[in-house]
Amino acid sequence: MPELPEVEIYRQNMVAWLGDDVVSGAVIVDPTLVVTHNVAIVERDVAGLRAESLRRIGKFLIWTTGAGSALVTHLRMTGKWVPQSPGDPTRFVRAKLVAHSGKELAFVDARRLGQWWWGRYHDVFHMCGVAEFGPDLLDADLTAERLHDRLRGSRRNIKQVLMDQGVLAGVGNIIASEGCFRARVHPAAIAGELSLDVVAALLREIRAHCAEVIRDNVGEPVTYQGEPGAVNSFLVYGRDNQPCSFCQQSIRRVVMGGRSTYFCPQCQSLT
DNA sequence: CACCCCACCTGGTAGC
DNA sequence: TGCTACCAGGTGGGGT
Numbered sequence: 001m002p003e004l005p006e007v008e009i010y011r012q013n014m015v016a017w018l019g020d021d022v023v024s025g026a027v028i029v030d031p032t033l034v035v036t037h038n039v040a041i042v043e044r045d046v047a048g049l050r051a052e053s054l055r056r057i058g059k060f061l062i063w064t065t066g067a068g069s070a071l072v073t074h075l076r077m078t079g080k081w082v083p084q085s086p087g088d089p090t091r092f093v094r095a096k097l098v099a100h101s102g103k104e105l106a107f108v109d110a111r112r113l114g115q116w117w118w119g120r121y122h123d124v125f126h127m128c129g130v131a132e133f134g135p136d137l138l139d140a141d142l143t144a145e146r147l148h149d150r151l152r153g154s155r156r157n158i159k160q161v162l163m164d165q166g167v168l169a170g171v172g173n174i175i176a177s178e179g180c181f182r183a184r185v186h187p188a189a190i191a192g193e194l195s196l197d198v199v200a201a202l203l204r205e206i207r208a209h210c211a212e213v214i215r216d217n218v219g220e221p222v223t224y225q226g227e228p229g230a231v232n233s234f235l236v237y238g239r240d241n242q243p244c245s246f247c248q249q250s251i252r253r254v255v256m257g258g259r260s261t262y263f264c265p266q267c268q269s270l271t
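Just so we're aligned, residue 1 is where the first sequence starts under our numbering, counting upward by one.
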């Protein structure tokens, strides 16, 4: 289940995979993938996509064409981008991008929640929601001051606000827990009451976490938490009843907004 | 606007 | 082994 680091890793891996090659077409195996319902048009009109026109906004990967069209993709919970060798028996392939050289890149998605949009980019950016997104977490223009401004007046808890893509794009459930822990912020703290220093620490620690995940995994096949062979390298996520790496107190799991949330009651005080 | 639950889907795993 | 229940890193919609 990908968040910003995994999506960024896929982006970098796809750029490396394609290199100077050019996409020649797509094969849509599961037509329900394509929200815009123009399956045959997608299969044909993605021809010409190049690595340099692939970008990431939050958890979306977006290819744009010089002609003003865009292929917007989202992996949702279980999607992956996997290079395919001919005859590869990979399960759950919903679509493939094919390059001129014959190389294939599969969109693999067991739960089938992932989505593609194809059309004029003004239209599809609105349809998929990125048009209303806040600044991307890794956007160099996003400063602690700007984030602090965006939180002003909010009575919601910081953990859920961080996951609100309209405030800040890219943060998901794991990063939110990890970032709050690293910055020593209680996940239920009121977002609008955090000082600039605390917001700066949150932004710095969330970015540091992402940078570490990207650095350690780029170029490798991505595995998600809970999959066979996956190792939990997180400081708090999935570690309820295990000792905090700073103070040895037991990490707690609570549910906030229906999502598992992990924190250290000692290190992340509400007061 | 905030918050809740539900929906979309299916696989994996823990527990009996 | 088989069945059940619950869990899953995302997001949108509807209702209160």
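Warning: the hint list may mix true and false statements.
To be verified - Listed below are the simulated DMTMM-like cross-link pairs for lysine to aspartate or glutamate, each with C-alpha atoms no more than 20 angstroms apart in a straight line: (1) Lys96 with Asp141; (2) Lys103 with Asp20; (3) Lys96 with Asp45; (4) Lys103 with Asp123; (5) Lys103 with Glu52; (6) Lys96 with Glu43; (7) Lys96 with Asp197.
Source of the hints: derived by calculation from the structure; they are not laboratory data.
Quiz item: Which hint numbers does the structure go against, in order from smallest to largest?
Solution: 1, 4, 7
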